[in-house]
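Trainee: Protein sequence lines, in the order shown, are assigned to chains H and L.
For the first sequence, my numbering assigns the number -1 to the initial residue and increments by one for each residue that follows.
For the second sequence, my numbering assigns the number 559 to the initial residue and increments by one for each residue that follows.
Hints should not be assumed to be uniformly reliable.
Distance windows between CB atoms, simulated [said to hold, decoys possible]:
| id | chain 1 | residue 1 | chain 2 | residue 2 | range |
| --- | --- | --- | --- | --- | --- |
| 1 | L | F742 | H | G122 | 26 to 32 angstroms |
| 2 | H | G122 | L | V729 | 32 to 38 angstroms |
| 3 | H | K121 | L | N725 | 38 to 44 angstroms |
| 4 | H | K90 | L | I870 | 27 to 33 angstroms |
| 5 | L | F742 | H | D76 | 54 to 60 angstroms |
| 6 | H | S156 | L | I691 | 33 to 39 angstroms |
Covered stretches of chain H, going by a simulated chain L footprint (3 or more residues, C-beta under 8 angstroms) [to be verified]:
| id | stretch |
| --- | --- |
| 7 | 84 to 94 |
| 8 | 111 to 125 |
None of these hints come from the bench; they were simulated from the model.
Idealized CB from N, CA, C, for every residue including glycine.
Next come the chains, spelled out residue by residue.
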Amino acid sequence: MTMDVTTKVALPPKGTVVLEARGITKRYGQVTALDHAELELRAGEVLAVVGDNGAGKSTLIKVLCGAVVPDEGEVLLDGKPVHFRSPLDARKLGIETVYQDLAVAPALDIATNLFLGRELRRKGPLGGWFRLLDKNRMRREAQHEMDQLKFHLPAIDSAVEKLSGGQRQGVAVARAAIFARRLVIMDEPTAALGVRESGQVLNLIRTIRDRGLPVILISHDMPHVFEVADRIQIMRLGRRAAVTTPQKHTMSQVVAIMTGAARGDEPVEANGG
Amino acid sequence: MSTSSLAASKRNAIGLGRLITMPTFGPLIVLIVFCAIFSLATKTFFATGNLSLVVQQSVIVGTLAIGQTMIILTAGIDLANGGIAVLGTILAGRLVAEQQNPVLSLLFALFICTSFGLTAGLLVSRLMLPPFIVTLGLLGIVTAITRLTAQGGAFPVTDDLLSWPGNAFAVGDTSITYGMIVMFILYVLVWYLLTQTAWGRHVYAIGNNREAARLVGIPVQARLLSVYTFAGLLYGIGAWLALGRIPNADPNALQNANLDSITAVVIGGTSLFGGRGSLWGTLIGTLIVSVLRNGLTLTGIDPLWQDLVTGILVISAVALDQISRRKQR
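Based on the provided sequences and hints, a complete structural model is requested.
Mentor: So, in structure tokens, the structure goes:
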């Protein structure tokens, strides 16, 4: 993180596989949360992961962001196996996660929240010996990023608690977008939000994808999924039941596969894997 | 760039508005009002000698309250800081009374106070025990050790080093003690740490939303440990300042200091729920309590009223905090 915090590594061409999970299995005592689950995220896409409660989507996401260590299987980032023991490991490799429960500090201002845990210090001895924060630079870069993401917020130094729920989640999403170098994982980012506020966050997801970062979106909300997803992975009983697109299947067909009423012939796509 | 300079000019334009919304503004007004009332009520209050005395009387609680502020900002509480400071005075006092090297005796007392801070920090951060219970337990332990060390006696301090914070020099006709200077330097230092460094932002974030702090990668355990340990060191320094103020290490001294430090933090506008507040507010809160005690004594009002007024102030401060938080939701 030198001058520009948003420096991204050279992004692979659209369509190449960025993140891959193979044969992921996770058991909790008698319960098998994941049973040889697979996932494939490609450059430049929003991949939605849907599934009924207990289908394993949350556990799969936790494996991908480092919060859960799987019993079996492997995760590959850019084709190379990676082993996450904590979310910090995943973050070091450029994977950022947005959690559904608005992981912000409400009393602190927007710029502070964006740089929380990754504060910028002044150059030279002031920053080195005296650990002096560079508040102006953080404010400036926070403003710049928000402008880039076309996300409109009140003054960058106003407290997050003064914002609406959608704007707060926008802060959390923006933080992930600023610091992610490979991909962003979003766990039910609209679950706590109203219709209009969800719209703001969905726009943000599109902007992030269009800037080149692939996104994994976990959601219960079918209309949201169909609005932003390029591909949809349907989880059932701890496995990948099908992968489809909003064009190939309707919402009710996807729900049917989710609940087991219809068979998802995995993999749906000929060029998958 | 133009937008940010615009924002800056806007910020200056609403400077007065910002001042009023500043968390220290309310406490500052209360302090000024009390000073005005006592200046009108008695001729002696506003005398420079008396004002110096008011500050001298704030030095011990004011120093303990720095540690208390840091801990409350992390959504904790410290019920043992008075007890730890008394132990510090007894250790240093007894060692010097037994002809030990004063420098080493003082360092030993500082070390023990810091160790108790470290212990509290380990229990709170590693074992996730509630700070209320941890420090309540420590208070019992520290008080017992104090009494065992003192063996029923007190230790008059004649050593120059131990009583140094009580030495004074005159600026004009105002007498300033080195203890005041030490306290003020500690306030500036901790203000800097809390507001100008990443460490301070982490302290606020942990108190404000601990889960969010963890998720963004702040080392929560390490930060909590550093807060409690540093607070312990400050209590040790508070012990030294206490020996300077009253050169007699007495196991029964500073009985109210702990609750006074919480009072000062709360009156100063820091939220007991953590994550909000300012260190200067605590200094003002300390001075409010001091001014109140001093002023009521000078006006000849029964000392019992002091505690009553202080109690009302504490409840008002907490009520204000609660109401403003409810409004935000």
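Trainee: Each hint: holds or not?
Mentor: Structure-based check of each hint:
no.: 1; hint: L:F742 with H:G122: 26 to 32 angstroms; in the structure: holds, 28 angstroms
no.: 2; hint: H:G122 with L:V729: 32 to 38 angstroms; in the structure: holds, 36 angstroms
no.: 3; hint: H:K121 with L:N725: 38 to 44 angstroms; in the structure: holds, 42 angstroms
no.: 4; hint: H:K90 with L:I870: 27 to 33 angstroms; in the structure: violated, 53 angstroms
no.: 5; hint: L:F742 with H:D76: 54 to 60 angstroms; in the structure: holds, 55 angstroms
no.: 6; hint: H:S156 with L:I691: 33 to 39 angstroms; in the structure: holds, 37 angstroms
no.: 7; hint: 84 to 94; in the structure: holds (count 3)
no.: 8; hint: 111 to 125; in the structure: holds (count 5)
Taken one by one, the earlier hints fail for this structure only at number 4.
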